[in-house]
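A.B. asks: Below, each chain spelled out in residue letters.
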Amino acid sequence: MRCYMPVVFDDTPWVRKDDLVVVHRLRTYYTIKPGFFAKPRYVRAVDDISLGIDRGITLAVVGESGSGKTTLGRTLIRLLDPVSGEVYFDGHDITHMKEEELKKIGFRRRVSMVFQDPYSSLNPFHSIHFILEEPLMVQGVSAEEREERVFKALEEVKLTPPEDFINKYPHMLSGGQRQRIAVARAIITNPDFIVADEPVSMLDASIRVEILTILKDIQQRHKMAFMYITHDISTAKYFSDYILIMYAGQFAEYGPFKDVVKNPLHPYAQSLIEAIPDPDPSNRLRERKVAPGEPPNLANPPSGCRFHPRCPYAMDICKRQEPPVIEARPGVFVKCWLYVKK
Amino acid sequence: MALLEVRNARLYYATTKGVVKAVDGISFELYEGETLAVVGESGSGKTTLGKLLTRVWERNVSVADGEIYLEGKEILHITEEEFRREIRWRKIAMVPQASMNALNPVIKIGDQMIEPLLMQGTSRDDALKMAMDALESVGLPRDLVNRYPHQLSGGMKQRVIIAMSIMAHPKVVILDEPTSALDVITQANIMNLLKKLKWEFKLSYIFVTHDLSLASELADSVAIMYAGKLVEIGGAEDIYGNPSHPYTQGLISSVPTLRVDKNLSFIPGEVPSLINPPAGCRFHPRCPFYRDRDYLKGLCDAKEPPMMELGSKAGRKHLVACWLYK
Chain A
1 MRCYMPVVFD DTPWVRKDDL VVVHRLRTYY TIKPGFFAKP RYVRAVDDIS LGIDRGITLA
61 VVGESGSGKT TLGRTLIRLL DPVSGEVYFD GHDITHMKEE ELKKIGFRRR VSMVFQDPYS
121 SLNPFHSIHF ILEEPLMVQG VSAEEREERV FKALEEVKLT PPEDFINKYP HMLSGGQRQR
181 IAVARAIITN PDFIVADEPV SMLDASIRVE ILTILKDIQQ RHKMAFMYIT HDISTAKYFS
241 DYILIMYAGQ FAEYGPFKDV VKNPLHPYAQ SLIEAIPDPD PSNRLRERKV APGEPPNLAN
301 PPSGCRFHPR CPYAMDICKR QEPPVIEARP GVFVKCWLYV KK
Chain B
1 MALLEVRNAR LYYATTKGVV KAVDGISFEL YEGETLAVVG ESGSGKTTLG KLLTRVWERN
61 VSVADGEIYL EGKEILHITE EEFRREIRWR KIAMVPQASM NALNPVIKIG DQMIEPLLMQ
121 GTSRDDALKM AMDALESVGL PRDLVNRYPH QLSGGMKQRV IIAMSIMAHP KVVILDEPTS
181 ALDVITQANI MNLLKKLKWE FKLSYIFVTH DLSLASELAD SVAIMYAGKL VEIGGAEDIY
241 GNPSHPYTQG LISSVPTLRV DKNLSFIPGE VPSLINPPAG CRFHPRCPFY RDRDYLKGLC
301 DAKEPPMMEL GSKAGRKHLV ACWLYK
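Protein chains in written order, with my numbering: chain A, 1 to 342; chain B, 1 to 326.
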């Protein structure tokens with residue numbers, strides 16, 4: 001049952017309310033308690049992020065380590081609980097839903113995740129057959145149908161013939177094959193939404209493309225909503241429709257992928273894109289103009305705009321006040337004082 | 001004359017499963033102020049090549065032979081004592097993979113940096129001055145010598161490691177994946193630094209990486225390794241503009257590019273085991289030409305291809321080990 005909602009949020013106009021996955025002003029903090037009686041401090045890993053992903057759409061979430069992109073992905077599938085904001089899935093507010101209620105709307109079946117490291121995300125004591133079958137057993141699928149779906153999933157990730165693989169254990173497979181098993185496990189429940197957290201960063205160059213092609217195929221065929229978390233924009237290029245660039249837990253820039261990559265507006269986005277080399281022998285003759293320094297500690301982030309200590313265009317106001325999110329070009333939103341009209 | 005000349009170098013490891021031929025007959029030359037990027041996938045032997053040159057060997061090395069000439073002097077067969085005193089750090093230095101995580105957390109940066117110099121008989125004051133100079137040239141403050149590793153960020157630690165490698169003014173620096181585990185912007189900053197050092201000190205690098213895009217940031221020439229063998233070597237313009245070995249071609253077409261639109265493809269199959277590599281050309285089980293062209297059957301799978309010279313646009317020798325060019 002879908003309740004009626006107007007098209008976009010007033011305060012976050014880039015988020016359509018009728019998308020499959022909607023995130024509105026989400027904040028997820030981690031608590032650190034330096035001592036038993038000490039006052040807790042917060043690591044603001046995700047601090048005011050809003051986004052929407054519809055069926056058949058891939059959103060790339062890009063940022064450096066510590067930018068909160070993984071925390072965001074895990075909050076979306078309720079592996080972590082947010083401190084404020086809302087998460088909607090297919091029209092249901094799942095922000096604080098209890099596990100039984102989530103079960104009622106089939107949430108756990110309808111979302112899944114591909115993790116970064118295929119060497120630690122597969123249990124070494126379980127056979128491929130069991131790894132793939134387990135999510136279906138939890139769903140109460142009959143043994144016959146399970147068998148059929150395990151075979152189908154292996155075929156979808158191009159591990160053929162499936163008979164050669166089902167009785168193997170993870171250590172008998174190469175990194176690329178393991179990651180394909182991880183993908184098969186993620187799609188076996190026919191989810192509507194997949195979060196892929198750096199799915200190819202641990203793999204060799206020649207295998208990466210294979211995994212990316214498989215992911216793209218599956219996403220297109222099943223019209224899933226897809227969130228691709230990565231630090232490497234060049235791998236995201238091949239199947240992302242939109243991009244969200246995060247810095248230090250916050251929004252930096254959002255827009256159609258090609259548009260943003262071609263002409264980034266936020267100084268951080270500009271640095272991030274400039275930093276990525278394409279294979280070109282003339283690279284060796286020039287220096288890259290990138291921001292100096294490194295991301296801040298999120299337990300104690302800089303005041304105002306969190307990027308200001310590294311920003312080449314930093315102004316007075318950047319140190320004092322957090323910038324608003326502005327639609328700088330049609331469809332491209334950026335959180336930066338440079339684009340605020342005075 | 002080449003600064004460093006490697007002829008038919010081999011390094012094998014003895015394991016319980018058999019002999020691992022990690023580097024199996026590799027030859028190349030490196031000139032002063034130039035960078036050779038050694039590119040290959042994991043298990044291609046590229047890191048072992050770096051270890052061979054610095055003689056940082058595991059205990060189970062069973063074969064280490066060939067000839068390595070540094071400024072005309074053979075250095076592979078001299079004694080360890082002589083190598084330690086004369087060559088390591090002073091002539092050839094190394095930035096090992098993930099070494100920034102190997103800094104000792106309870107020793108001050110300065111004391112860690114000068115340790116190899118003290119071992120070689122430099123006085124403490126001189127060594128400390130050399131360390132401070134090196135820190136300055138990598139863009140860090142001189143008083144960093146009094147700090148501890150946990151006070152530094154990842155990028156700063158990597159700069160410390162690079163400072164350590166250039167401290168004794170070596171001719172050749174071996175960089176083994178110097179930016180793995182760093183963020184993209186930090187990586188770009190480190191590459192900028194390496195370029196600056198190369199131009200300033202006329203350093204020669206051997207840059208070991210799996211990333212062809214990153215290799216192009218430094219490489220004057222590129223060597224492509226596959227399963228312990230060199231399959232192609234040549235000037236950067238030749239390798240990127242006219243890749244000739246089927247493996248190089250596959251590798252280049254699998255690299256995603258941000259600015260140029262192209263169709264990606266991949267190389268099916270896996271890197272072979274180095275214990276029992278395929279006969280003949282080690283790439284033949286994955287090679288699209290071998291699969292499609294009948295006249296290659298019985299050739300690629302039986303006889304090892306020799307290095308053949310191709311025409312070059314870059315003014316450097318362009319060599320490829322492939323029967324297609326016979």
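Think of the hints as simulated: they come from the structure by calculation, not from any bench. Every residue gets a Cβ at the ideal spot worked out from N, C-alpha and C, and that includes glycine. It cannot be assumed that every hint is accurate.
Unchecked claim - Sample of chain A residues at the chain B side, in silico, Cβ under 10 Å:
| hint | residue |
| --- | --- |
| 1 | Gly63 |
| 2 | Glu134 |
| 3 | Tyr238 |
| 4 | Asp280 |
| 5 | Leu285 |
| 6 | Glu287 |
| 7 | Gly293 |
Claimed, not checked - In silico DSBU-like links for lysine-lysine, alpha-carbon gap of 35 Å or less:
| hint | chain 1 | residue 1 | chain 2 | residue 2 |
| --- | --- | --- | --- | --- |
| 8 | B | Lys195 | B | Lys73 |
| 9 | B | Lys313 | A | Lys258 |
| 10 | B | Lys129 | B | Lys108 |
| 11 | A | Lys289 | B | Lys73 |
| 12 | A | Lys216 | A | Lys104 |
| 13 | B | Lys303 | B | Lys313 |
| 14 | B | Lys73 | A | Lys262 |
| 15 | A | Lys258 | A | Lys168 |
| 16 | B | Lys108 | A | Lys33 |
| 17 | B | Lys195 | A | Lys262 |
| 18 | A | Lys223 | A | Lys262 |
| 19 | B | Lys303 | A | Lys158 |
| 20 | B | Lys326 | A | Lys237 |
| 21 | B | Lys195 | A | Lys237 |
| 22 | B | Lys91 | B | Lys73 |
| 23 | A | Lys258 | B | Lys196 |
| 24 | A | Lys237 | B | Lys303 |
| 25 | B | Lys108 | A | Lys39 |
| 26 | B | Lys313 | B | Lys262 |
Said to hold, decoys possible - DEER-style ranges, computed between Cβ atoms:
| hint | chain 1 | residue 1 | chain 2 | residue 2 | range |
| --- | --- | --- | --- | --- | --- |
| 27 | A | Asp217 | B | Val260 | 18 to 24 Å |
| 28 | A | Ala299 | B | Lys262 | 27 to 33 Å |
| 29 | A | Asp259 | B | Pro268 | 33 to 39 Å |
A.B. asks: Find the hints from earlier in the document that the structure breaks and name them by number, from lowest to highest.
C.D. replies: Hint check: 2, 11, 14, 15, 20, 24, 28 fail, others pass.
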